[in-house]
Every structure is written in structure tokens, then in C-alpha cells.
Amino acid sequence: MKKIKKGDLPLLWEHLARGALLYLPLNEDGVVNFAPWQKGARVNLDSLNTVVPPKNLVFPQSETYVHFEQKADALDFTPVQEPKGDYILFGVRPCDVAGLTVLDRVFLEDPLDSLYENRRRGTILALACNEPDQSCFCTTFDLEPGFAPAADIMLWDLGEALLWQAQSAKGVALTQNMDVYLSEATAQEEKTAEQLQVTAAAAEAAAVREQEWALDGVKAVAKEMFDAQIWESLSRRCLGCGICTYVCPTCHCFDIEDFSRGEQGERFRCWDSCMFKDFTLMASGENPRPSRKERVRQRFMHKLSYFPARHGGLHGCVGCGRCVRKCPVSIDITQVIKEAGGLINRA
Amino acid sequence: MRRIGVFVCWCGTNIGATVDLETVMEKARQMPGVVFAGDNKYMCSEIGQTLIRDTIVQERLDRVVVASCSPRMHELTFRKTAAAAGLNPYLVEIANIREHCSWVHKDKAEATQKAISLVRTAVAKAARNKPLQADQFAVTHRALVIGAGIAGIQAALDIGETGFEVDLVERTPSIGGRMAQLDKTFPTLDCSACILTPKMVDVAVHPKINLYTYSEIEAVEGYVGNFEVTLRQKARSIDKEKCTGCGICYEKCPSKVDGEFEEGMSKRKAIYVPFPQAVPNVPVIDRENCRWFTKEKCGVCKKVCPADAVDFEQSDQLIKQKYGAIVVATGFDLVDLDEFGEFGYGKHPDIITSMEFERLVNASGPTGGKLLRPSNQEPPRNVVFIHCVGSRDKSRGKPYCSKICCMYTAKHAILLKEKYPKSQAYVFYIDVRTAGKEFEEFHRRAVEEYGAAYLRGIVGKVFPSGDKLLVNGVDTLSNQTVELEADLVVLATAITPRRDAAALGRMLGIGTDGHNYFVEAHPKLRPVESHTAGIFLAGTCQGPRDIPETVAQAGGAAAKAIALLSKETLLSDPCVSNVNESLCTGCLACLPVCPYKAISEKTITEKVHGQERRRLVAEINNALCQGCGACSTACRPGAMNLLGFTNEQLLAEVDAICL
Amino acid sequence: MKAMLQKIRKEAASVLASGEADLVLGWGKGPLWWQSYPAFIEEEKETGSLTWDPFCVPNLSKYLLEELWVKQKVALFLKGCDALGFNQLLQDKRVDREKVLIFGIPCSGLIDPQKVERAGLHQGLHSVEHQGGELVFSYKDDQKKEDPSSFYYDKCLTCRHPNPVVFDMMLGDAVAVNPQERFAAVGELEKQDVSERYRYWERQFSRCIRCFACRNVCPACSCRECIFDLTDPRWLGKANVLSENQFYHITRAFHMAGRCVDCGECARVCPVDIPLTSLNRKLIKDLNELYGEYDAGVEPEKEPPLITFNPGDPAAFLES
Amino acid sequence: MSVVEEHHLFEPMIVAFCCNWCSYAGADLAGTGRMSYPANVRIVRVPCSSRVSPNFILRAFQRGADAVVVAGCHPGDCHYVSGNYHARRRFSALRRFLEFVGIETERFEIHWISASEGNKFAAIMKDVTDKIRVLGPNRKLRDVR
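Residue numbers (the numbering used here), protein chains in the order written: chain A, 63 to 409; chain B, -17 to 641; chain C, 48 to 367; chain D, 9 to 153.
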């Protein structure tokens, strides 16, 4: 296990940034989001979650993939391929790493999404959470705040230094390249990292238990939930905005649109939100989900029931808590899980 | 997909000279939706129009773009051409590649690129045009004439002659206007009253003309063919039926006031008739100066009136009336002389204006026609006339020429000589303008027969000295400064529109130019029409002119009004606003911005999720809407959309013009 | 604080029991300390779940747009800023005043959860309450007392109408009104030169994720169909590009010109903290300077500045 | 490229919204009077300056305009009586607001031009073009796709 003194991080980053595009959680006007690092950028490794998840780097909000131009009487297409440049994601929380895994299940399985695949190349250095927030509930989905198995390198914040453990071939290679900045971690430091892992998970699980709900109740979610009363009450206060879906690390719905100017233009893919009024609006004017009740129900049922049913039990939620924190009217997915759990346990 | 035809006009060489029209046509063929591009030396000619008509049929065009001169010139022509070929006229768009391109850009390459851009924009807009149908509305067969000077009188008579009802509204107690104040008229020296009073009587007795004197326009609503006007008939405090016109009342009335008709040179009573030949010859009580109305005292007139015609209880009456056409003939005022200190007007009684001179020589004037010096009532020997006081003066007064002063000053010189053979007239002038029949001859007589001395130069100062006046000026022909001793100085003051012309213009919805004259629809081709359909202009309210021109213009305005009133119905302009009720929230932000009050609220009921719902939406009165589009801009969701200039059309234009 | 809560529950229960209203809009409490959300109470027995604490910030009046279609009479609680929002809906003729029963709550300011987090007081926090002029933070097994002034929402510090301007019954005595200067931030930005300001706003608008929360929460944004959702005319695509974000925010701010009641909800709900208040306040400041003081939401019958005029108006351009 | 050269090469694109009754007629008069002005100016006809919505102005900047001019009748002369009064308020607020979000005021101008002021129309269009040629191309608000 290696470690790196926090003081040496800027040097490490400068080195990393020479070889590839380095993304770090940067503070811009008080808002922390992943952004390309340059010297002197205000890095913030303490805030738990960035506002917009790293999903934005592999599945950007809008992504042009073909240009077209009117030539005489034919339409001329030229595909747009983002350069294959390598990039490094430094400081990704375990829940976001898990979020990428969920997106992989959607975009990398048959039919393969080449755009996503091309962007998914980067190296991921995950940073464990020592003190999950009350709104975090990743443990609900068998995830750990202190550990991200899918990351190339796992980092633990020990106060003065970050513990550094390679977990993949790419991780091992990067560790060797960056050896000059690293030093051997002492056994004691490894023990404290493990301890941090355990306490973080326990703290969160306790918070979850304190709100007495548990995932197991959700597993049997299906028909019974469809007609539950919770959709009526929850959706009644929903504003129908797109915050919860756009800050969610696992939401992956997108729309295809054209931008044209005179005889040329481009086609692009862009995020869309099932909470928007026109998400399922048909050309005929018909809308299978006419009111907010159907839309709120669809969002939660998809994450907690339909997605797991199609992907071998993998839930469409990683418990990062962003939607809980950012919803202007506090619509809280944990209440849906609690209601579902209660329903099943009571039945 | 659209089938658009682009028709490019050479306009002889006006466009062809600086725009490469072959390239324009070639580019037009590649524009989205264009299936045909052709040209002609004169697209508005019969041959050009035939090309359009035939191509519409052969190529099954559903849109037409004509790249030619300004739509303000031939939009109507090409709409009619399209209609003749069975295409809805509102599917035609004009690209202005003459006034906005070939005539203003010399570099051929640049002009060609600009023309292509303008054609592309017109094509983009045409693609979003929708067929529109004009609907019809009835015409009220009644005319309103505002102002009863010679212009108003003539217009009213001409309209009345054709059998249409006319309401003639005059603000002062009697009709006659400025012409009633004049003594003689140039160039024939006809007595003004002699040629005016017969027409005044004709008006008074004409079965079709209703006279509203001592009345004003309170409000104007509606539109061409359907104006709704509120008149304020001010209380005369005299019962017209009973009054015999004997005049005892204004003999006995103790309250004396400066007479407006006499330009303030003599007094009139609080109860008065402006001038002897007044029509109607019924006195009126000036309530601001009548002691009964100001101090609850006197009432002599009521006591002495043999016919008991005086009625203090009379109150203003508001009369609402519908009209099909309106003729504005509000006449002129004279420039305010406060800014012309060098002439000393107001500092010495013998410095007077030409209108005051007109009153002094008038038999019914303050001196019974004897021209006497106001200071000592002595006949004047040397009289100095000064032209262009306030006219042709960029800095202080009016930059324009008031047109009639040269002629009436020559007339005054002649009248002076006739009254006092030993007198001598001096006239300071810049240029003597005699552009009319017998005008030059009239001026020569004033010089040769009546010995008027014309000095070409400007007066620097007029100031009293002893009981005479000294006039310092310059004579540019002899290049000397001149100092004249004068018994009387007469200032030919500039003509201006009525002080409240702008307010009346706003009420009627017609524009006024920088000097507050009403603006004609086209300076050369439509001089008697305003920009607002159904409202016509006659006389000096539209610019300085003399009596013959005024009468001619009054006849023209009347003819236009008659042409309008002779129609049973009129076609409305279909380019009016349209409400998309599914978008409209009923917030009615559009209502207050509509200058024509064409928008009102309406409650609609609709079925939503099986429930009967009633809600508020905006509603447009297509007849009242004039198509300005203010409501479409005020409407945030875009529910209100001005047809012909819809959001879709303008957006397509902006996108195309920016390419 | 407790007294107000009792009054809220009492009034809610009485109007439902008496049948005077068939729906009460109040706030309910979620599991976490900052979660106070709009609650829809239809039966008297549920009024016990109503809460009143320093986080009851969501404006309840915009829900009337839907609820008044299915309810005869709705009772709701309005703070000072909420009442201004309600009046704007009234001015836009979107709600029928007769069908609404308003309980006014004089409000001395609510607590911004982000400020609590920045002060590091949020770990393990259970609840926050005003007690006697202090703010009490209760945790699982201890308490902390703080001075509330550094935790109020910015919009509360500049609040000019804490006592509701429209109500049927007022649930408390009027509170003191001493707002801080509300155009300070705008003034600071105005001092910068134009390109510096452009870079500032470019940064803000680049962060926008086009979630439309600012529009959906705004009481002055009550169109049935928003022009940004229309496909013809197509004002806005769904691509997240700077130019379209600028078009959206500038156009929306302009739709608010003369109508924004400065309730600050748009800035509160923005997930990426774009200083939308500065945009709206710039227009309020300019319109006040140019065409006279107009306080949107205070007098709904008075015409907002951009749909009226007088011929002598000044212009912010050279009128040759 | 020196400042002068850069300006020489840069040809600004200026969109002018002209009201049909006054400024559009003024432009026509400039035409009949052969008063030339730069071809950079492209005119969109609207019935009244009150028909020009801020949306169209922002769209013009978005699609590449380097400056936008709105021209209407002189206050009091509006063919529709009060159109330009509304336009005056709306564009006064918009001009200051655009400056606040970083758009130079020279890029958005409002002028009252009557039907008889052909020379004034030509002079204004020439003046705007020269000023923008010096100020340079406008990349703010522009959709670069």
C-alpha cells in the first residue's frame, strides 16, 4: 500500500496533467464540480459529492456526433468523433464510481454505445468518505462509503496524507509511474484506513437504521407499489423540474435533437428528464404520462424495480443522496424505499 | 415541401446596374423551398405580372417572392397579381433590393451579396406565411369635419352636396376661422368677408350640415368607416331658439375682456358675438370673465334680454356620434414673438403684427377701418413692414417659409397708400416670393403704382424714439446700414400649427411632424390623406398655404371622404393579431398595451380530464385591431401572434438574415 | 416558534372541521433536519403533521394553479415573500382570490441549510429551532446555541415585506422591518468593466444544467406552455451550450422585468447556485430608476412598468 | 495583424429592425435619395418598434449579428399612437440589462427616425458600422455551432 503527502499532491497533479486531461473537484464560485485542472485551481477534496456527478464526463449533457450539410440535392454526413485522448478522474467518491458501473451496464452491454465507450477510457482514482452525510445511504445498496472496488486506485484521507492502493492493471501502472511522489504506507496507517472504512460504513448504516428503513423491503417491489398512495402525496408537491435526474449519477435517459443553421447543422445527443412534461409527449399530442403522479412513480419504480429486474438485481440508485439534498421540495427516495419496505413487511 | 417562386426585377437599370441579378437568381434557385427563379426588366409591368401569373399556374407555386422595389410601393400590386392567379395574396413577400440595396450600395459585389441575403430572408419569411382572408365591415355614412375655417367650410359643403350627413365642429363661437379676420385678399383685393360670408350662410342653412360651434373633440375611438367620436358642446348660456340677435345684452354687460378676434386690440364683453357677420349670430357667455359665474354678482344680460334667452343653467353636453370619415381642418396659429426681442413687439403700441394691421384696416375692426397709430390714434405717414419674422429662421423660429407673408405685405402696402396717398411704405425683405397667378403682377403694382419701397435686408433693431419708432436695418443691395423713422412697424409673423395640434393628433391617431403640422400619407402622391385610413387633411393644419390652395385641398379631402362614404362595406386588413387560446393564460398583459382597445377578456369552457373547466382568455376585435403587434411582444407565452408578422415568420427572417 | 406552530395546527384543523376549506396547504417535516416541504392536508386528523420551523421556505401559492381546479376553497399559510408571490399570481389572474383563505405569518427570517453546512454544524444534526433570540441546534445527545444572524438566507436579510401584504387572518404580531440594501451585489457588478462582467456571467451561465427549477418554482412564471418547451417557434434546443443558456436566462429575466417580486426562490432552488437574484434585481433597480418605484407583488392592481408608459418617459439611449 | 488591418478585414454584420411607417420609410427615402451607407446593414421590416421582442434581438446576436439596431418613429409620431413609448421603456431596460450581462451598449442601439429623415437613416447606419468595425466582432451570446 502506498501513500502520498497532501503537500505533494499539486506536484502529482502537475505531472499527471502533462500526460492526460486531469479532472478534479474544483470550487468555482462556491460550487464544487469536476473540471479540468490547471495550476492554481481551487481543489476541494473535502466536500462529499460534486453537484453534477462525473457522469457528465462519460455521458455529457450534450454531445454532437454527426455534422450534416446540404449539397446540391443530397445531404452530406460527417461523423464527429471525440479525440481518444486519455483522462484521469481524481477524487471520485465510491458512490459515483458505482454510478459509472451502473451506466456501464446500460451503455457498454449489447447494443454497445460507441460514444460512451470512447469516453469511458479514463483512469479513476477514488477517494473514500470518512464521514458520510446524513443524506447518504450507499450502504443500502451493498456499497461502502470507504471502498470503491471498481476504481483503478483507492485513496483514503488520513489527515496529513492520502493512502494509495492500486486496484487494477491501470492502477498498478500509474502507481509505478508516479512512484517518485509516493512512499510506503506503514502498517499502522493501513490499519487506520481499514478502521475508517468500518466506522464510515457503520455510521451510515446506523443513520439509515435510525430512520428504520431497509433495502430488503424494496427487493420485492413490483405490482403492489404501482398503486401505492405515496405517489399521489409525493407528486403533488413536485415542481416537475429536472434537478433530481440531472444531478443523479445513474440517470441515463437522453434525447436526440438537430441544430441547423441555413444549409448545415449537426445532430446531438442530450440529457432528458422523465420529470419533464414533454418527456413522453407523442407527436399526436397524446402523453402516456400526462400528470406528475405518473412521472414521479416512473422515476422511482424504474430505479428500484424495473432496472434491477432487467439487470440482475443491480439497482438504478447508488445512494449518493444528491437528489435528496437538491430537491427544492424535499422529495426523498429513502421515503419511497421506507414506504416500500413497510408495505412489504406489513403485508 | 414549399414550392416558392422568386421573381427578380431589373427595374430598368435601377437595380440591374449595381446588382448582378443572374447570380442572385442562381443563388435563389438553391434556397430551401424555391422551385423557380425568373426575372424581368420591369416586374410591375403588365409583362412582368403576366410572367408571375403564368408561373404560379405552371409551376403550381404556393409562395411568391418578388425581389424588387420597396414593399411600400408595389406590395399591393404583386398581391393583386398573385390573387389574379388564384394564390392567396398574403403568400407574397417582397425583398427590397432597390431602395435598401442597389440604390445605396455602389460596390457591385457587396450589393449582390446584400441582395442575396435579402432574397433569402424574404424566402424564409414567405415559407412561414399563411393564407389570410380579409373580412368586411359596414361604413357609417356620416362625415365629421374638425375646424370651420374656409377649409372646413368648403369640405363640409362639398361632402354635404353629395347628400351625406356632415357634422362641422368649431371651437370658437362662430365659424369663419382666420379668413373672417382678414380685410382684403390678394391678389384680387376681394373683400374677405364678401367672399366668405355667403359660404358661411350656405353652411348654416345646408340641410345636410349640422353645425357644432363653441364645441370641441373630446375623444376619438374606432377605425376607418366606424369612428366613434365624443363631442363636447360647450354651454353658450344662451338659448339659440329664443335669441333674436338684438345685441342689448352685450351692450349692457359691464365686464370687458381683450377680444381674441381683434387680436387683443379692442375689448369685448363677457357676453359677446365675435364679429358682426358671425354664424350663428348668437352671443356666448365667456364664463371665465362673466361676473355671474366668477363672483355670483351682476346678471344684467339676463335682466335686459327681451327674449329671455339668457340661461345660466345650461351645461356642457357630451355627444357621442359615429362617423365613416373625418376631415381635419384646424387651421393655424401665429408664432409666439417672445423670442424676437429685437423687434420690440409688446414694448410699443405702434409695433404690431400683420394680423393686427389686417384688423386695423378692416371696417368692422377696432378703428372702424381707419388705419390709425394705436399710440396716438393719428394716421401714420411712414410704415415699415418686416418680412420673415420667425419664418426661415433655423435658430429660434421655424426653418420653413410661411408662404403667404410676401403677398399679404404687398397687399398691406397697397391698402396703406389707398388710405393715405401721402404715406410711404418700406418693406424689409429677404426674397419676395410671388409663386401664384397674378402674384408677381400684384407685387409690381405695389412697387410701381403704390410706391412701396422694398429694401433687401434684415432689420437689426426697432426701438422707440420720441413719439416715433427707429428701425435699424441693412440694405444689402446698396450695402448700407439704414435707419428709418417710422410711425408704424408691421411684423409679418410666421405661421405655426395650432398649439394643441399634437394633442389632437394623438387623439385621432395621426402623426405630426417636427413642427406639429399633421403628416400627410405621401408628400407628393397623397397630400390630403393622413397615414390613418379614413382621416383626411385640409388647409394650413398640414402646412402653410394660401386660401386658393386651402380651398382646393378642402375639395380634395372632401372627394376622398365621399369616395369612402359611398361604399357600403370596406375590406379589413387581415394582418391582425390572433389568440392561441391553448397557450393564453388570461393574464391580459396585452390589454393595456393595445392603443385601439381591441382586446377584451372572454371566458371559455373546456373539458380537461373529464372535468368542465371555465377560464379566462384574451379576445381580439378584428375590426378594431390595426396590426401594430404591441400585444404579441407583451405576450410572454407567444399566445398572441400578429398575422403577417408572426413569431414564426420574424424568427425565420432573423435566422435567414444572419446567415 | 412553538406558539406559531400551535396556531397553524389549530387554524388548519378548524377550517377543515368547519368545512370552510377542503384543502389546507402547509409544511410537513421530512426525516432530515432541513427537510420542510409543502404539505397537502385534506382531513382534520392529519393537521397534527403540520410543522413550522426555520426551514419552511417553499412558497405554497403556486400549487393553487392545480389545486383550485379540484378544490372549492383552499386555505394556505403565506410568509411575507410568499404573499408577494401570491399577489403576482393574482395580478396575472391565475388564481381566484375568493377561493383562497390566507393565513399570514409575519416572518423574521429563515435558515439557509448551506450556511449551516458551511459552519460545519450539520453532522448528526436533528433539528434547529428559534428559542428566545437564539438558534438552537439539537443533536442526538447534545445542543449548541448560536446567534441566528449569520445563518439567515441572504434574501431574508434584504426582506422588505416580512409582514404579509395580503391575508385573511394574521397569525402573529408584525415583525420589525429593517432590510439590508438589496442592490449591493448589483452595485458591485456594475462597477466592473463590461468584459469583466461578461466573463463573470459566462462562468455562471456555463454552470447551468437546464433543469428549469428556477422557472418551475417562480410565482411570476405561470404560463400554461413555456416558450422554451415549444417546438415551433423553436427558441431553445436541449443542448447545454453557453449561447442557449444565456438566451434562456436573459429572456426569462426579461419576462420577469417589472413583475419579479424578488422572493429569491429561483436562486434558492438553483442546484448550481447561479446568482439569479442579481439578474432580477438589476432589472428592478433600472426600472425603478427609469420609470419610478414599482414594488411588484405589493399592489396587484397597479400596472407593472413595462405594459404602461407616459409620453415624457426618459430613455437609456440618446434620443436625437 | 495590426489593429487597423484587423479592422479592415472585419466586416461587421448589423441587423436593423425598422418600423414600417417611419424608419423603414426613412430607409426608402435614403434609397430614393441615393444616400449610400455600408452594405453591412440588413433590414427586417416590422409594423411597429413595439413588435420587436427582446427574443428577436437575442436571436440575432446568437446567430452572429455584431450589432442590432431598432429604429422607430419619434415619440408622439407613432402611427399606432403609443407603440414607440412601449418600445422606449422595453429597450431602455434591455439595453442596460445587456450591458449588465456583458454586452457593450454600442452593440445595441435604438433610434427614432421619421419617414422624412432619409439622410439621418444613412448617417446612423454608417456611424454604427464604423463604430462596430472598431469595436470588433461580437463573440458574446453567439452560438458557435
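Take these hints with a grain of salt, some might be off.
Lysine-lysine pairs mimicking BS3-like chemistry, simulated, CA-CA at most 30 Å apart [what the hints assert, rightly or not]:
{"no.": "1", "chain 1": "C", "residue 1": "K76", "chain 2": "B", "residue 2": "K584"}
{"no.": "2", "chain 1": "C", "residue 1": "K140", "chain 2": "A", "residue 2": "K355"}
{"no.": "3", "chain 1": "C", "residue 1": "K92", "chain 2": "B", "residue 2": "K584"}
{"no.": "4", "chain 1": "A", "residue 1": "K339", "chain 2": "C", "residue 2": "K120"}
{"no.": "5", "chain 1": "C", "residue 1": "K92", "chain 2": "C", "residue 2": "K120"}
{"no.": "6", "chain 1": "B", "residue 1": "K376", "chain 2": "B", "residue 2": "K249"}
{"no.": "7", "chain 1": "B", "residue 1": "K385", "chain 2": "B", "residue 2": "K302"}
{"no.": "8", "chain 1": "C", "residue 1": "K191", "chain 2": "B", "residue 2": "K584"}
{"no.": "9", "chain 1": "C", "residue 1": "K202", "chain 2": "C", "residue 2": "K191"}
By construction, these hints were calculated from the structure, which means they are not laboratory data. This structure is a prediction, so every number in the text was calculated from the model and none was measured.
Given the hinted pair C/K140 and A/K355, is their alpha-carbon gap at most 30 Å? The hint holds at about 26 Å.
Distance restraint between C/K76 and B/K584, which requires alpha-carbon spacing of 30 Å or less: 42 Å, violated
Check the hint pairing C/K202 with C/K191 against an upper bound of 30 Å on the C-alpha distance. 25 Å, holds
Would you mind confirming whether the straight-line C-alpha gap from B/K385 to B/K302 stays at or under 30 Å? Outside the cut-off at roughly 38 Å; violated.
Holds or violated: B/K376 with B/K249, Cα cutoff 30 Å? 36 Å, violated
For the pair supplied as a hint, C/K92 and B/K584, is the alpha-carbon distance within the 30 Å limit? Violated, at about 41 Å.
Decide if the proposed pair is consistent with the structure: C/K92 and C/K120, CA atoms, cutoff 30 Å inclusive. 18 Å, holds
For a C-alpha distance cap of 30 Å, please report whether A/K339 and C/K120 respect it. Holds, because 27 Å separates the two Cα atoms, which is no more than 30 Å.
Restraint status (C-alpha distance of C/K191 to B/K584 at most 30 Å): 59 Å, violated
Going down the numbered hints, you'll see the structure goes against 1, 3, 6, 7, 8, while the others check out.
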